[in-house]
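2 protein chains.
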Amino acid sequence: MSTRQPYARPSIEMAHGSGGKRSRELTDELFLAHFGADGASPELARLDDQARFDLAPLLALGDRLALTTDSFVVTPLFFRGGDIGRLAVHGTVNDLAVGGALPRYLTCGFILEEGLATETLERVVVSMAAAAREAEVEIVAGDTKVVPRGAADGLFINTAGVGVVPAAYRLDPRSIQPGDSILLSGTIGDHGAAVVDARGELALEIEIESDSMALHRLTAAMLAASPRIRCMRDATRGGLATVLNEFALSAGRRLDLREEAIPVREGVSGVCELLGLDPLYLANEGKLVAVVPAADADAVLAAMRARPEGRDAACIGEVSAGRGPAVVLRTTFGAERRVGLLVGDQLPRIC
Amino acid sequence: MSTRQPYARPSIEMAHGSGGKRSRELTDELFLAHFGADGASPELARLDDQARFDLAPLLALGDRLALTTDSFVVTPLFFRGGDIGRLAVHGTVNDLAVGGALPRYLTCGFILEEGLATETLERVVVSMAAAAREAEVEIVAGDTKVVPRGAADGLFINTAGVGVVPAAYRLDPRSIQPGDSILLSGTIGDHGAAVVDARGELALEIEIESDSMALHRLTAAMLAASPRIRCMRDATRGGLATVLNEFALSAGRRLDLREEAIPVREGVSGVCELLGLDPLYLANEGKLVAVVPAADADAVLAAMRARPEGRDAACIGEVSAGRGPAVVLRTTFGAERRVGLLVGDQLPRIC
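First to last, the sequence lines map onto chains F and C.
Residues in the first sequence are numbered consecutively from 2, following my numbering.
Residues in the second sequence are numbered consecutively from 2, following my numbering.
Calculated from the structure, these hints are not laboratory results.
Quick caveat: nothing in here was measured; it's all calculated off a predicted structure.
Worth double-checking, as some hints may not be accurate.
[As the list claims (entries may be wrong)] Below, simulated EDC-like cross-link-like pairs (lysine to aspartate or glutamate); rule was C-alpha separation at most 20 Å, straight line:
#	chain 1	residue 1	chain 2	residue 2
1	C	22	C	114
2	C	22	C	115
3	F	22	C	279
4	C	22	F	279
5	F	22	F	115
6	F	22	F	123
With the rest of the complex left out, here is chain F (with noise of 0.2 Å):
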């Protein structure tokens, strides 16, 4: 928390919404607050209906603009390493970032449901403010909607992003190729396994930590290592098998893996063992997937390897010349089993 006086009122009531005085003191008494004074944004502190920047001094010859949007509904809004706040921004970030993307400018909308305490919204407030100013990302345009007792389960936030792709750039899932290396950036399942955790069904003795990262500085370092690395994503809702079921779809290749290289910390494969969930499935925050020519892996991974976000990258399998669209897992014991789309939905309201 910041050490300015918090919002006075005490909970977000229908008036929050109507865009007349109570909506304007909100605005100005906690978003602005937050977001425009200390995250320093004019451009939101302007109250205009939209953000204007110049982006001819960002864009150099060729350069194209990547534009993405999450909305966020996890529960609880709290957990072992983050909430929704840091969530919104670091989601918008990394999908960003893993286009190859420098991101830049958010915009941020709040459904609010009437009653939420004004507490918890500033706290998700700060939590934002600070996971933007820690991406160096600006919250430029801002919406905030509230709904009646019963219509919203307490706050969900939309950011969409605003980032630049340099020319050189032209990830693309298509471009795969047999032989390639796929690269993973460090241990899966930890924020799926933290927010379970904070739902307190199970009573750990591990203590579990949300992965909630941003990863633009690590795809940055990434591409300053090898320019063709073919793509990128991370690994969110859904989890790795959704992600690389997703490659093998469009670029129409089998992907294969070996389980022994995939790392899952132990409290997750706790977690995965009581409930009977596969970690493969498990949502990441912070964890992206990249698949890279073979000739350029070393020093792709070495990359990863030199930054936080990348200390446990590792490369967990290969693209095989065999028939596709499939992912195939090697398991610790030899068989081969074939890893689909998640059918159903594990954990609902994972971010």
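Dock chain C against chain F, hints included.
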């Protein structure tokens, strides 16, 4: 509705938000069917985490980028003259347009309640796709979350928008000067009254239609008539009174209005009398207010009236040399009434 087969599953399941097989199915068979193929967005169809596009051909020297966001929680989802999907497109297009921007790209985030009829979702998506085509904006990135029954009310939408502001336009309410004319693009309160009507609490004899429409062609015509327009804003939530108060506060000026110059439809007046509402505070979704140097007012007004969106445009008042910030209405009977910011919330979930 389009001629293609509707999406086969009858209602939204938690698995539609899993990121897995069912999510992919919803994306392919519902969202892409309307936004991708018909909506002709190759960027969306790539199903990547972000859309990427060349902005350079759109930007001239000194042009700026505009960015905005809005969430929509209107109830009911459908009303005479519109629905939540049209609002979600028009609201964001208009937030860009009133800043002088040419709207180009939208993102779209859905929060769906488990059990929502997919036929309802599809109607909304078809309507959004049509509104986007009409407004010549491209929906380039999207996201869908599903929450369990009772954790949201049916369907919420967030849109964020990107547009390009020509270098010549520097719209800013702080540039307002005494003597400037205040122009309004048409009748007020139609949207608010139409939603009240759709809630079925009244038995109205006169049919009222929402004014939901895109205003970017109107703003382009106005700026062509006078690039010296001080500022524009669309009078959505909080109505005309709220926009004028925002202008007065930003500029530190007093705005004088003539009540008889402000057009209100008979049906809207009727709803207001029945319910004790003030049309000045009623929401609009296709009306804007502009402050214009007096010398240019006739030219801008003529340009407005030449377009269907501005057919009923009127000069409703002037910026006073008197002490501000204030908004003062001279009533039809000659009395002066101070028009403040809305206190409380007269109509929740109006947009």
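Hints, verified against the model:
1. 22(C) <-> 114(C): Measuring from Cα to Cα gives roughly 18 Å; hence the hint holds.
2. 22(C) <-> 115(C): holds, 17 Å
3. 22(F) <-> 279(C): Given pair residue 22(F), residue 279(C) holds - Cα atoms ~16 Å apart, limit 20 Å.
4. 22(C) <-> 279(F): holds, 16 Å
5. 22(F) <-> 115(F): Holds: residue 22(F) and residue 115(F) sit about 17 Å apart, inside 20 Å.
6. 22(F) <-> 123(F): holds, 19 Å
Of the numbered hints given earlier, the model fails none.
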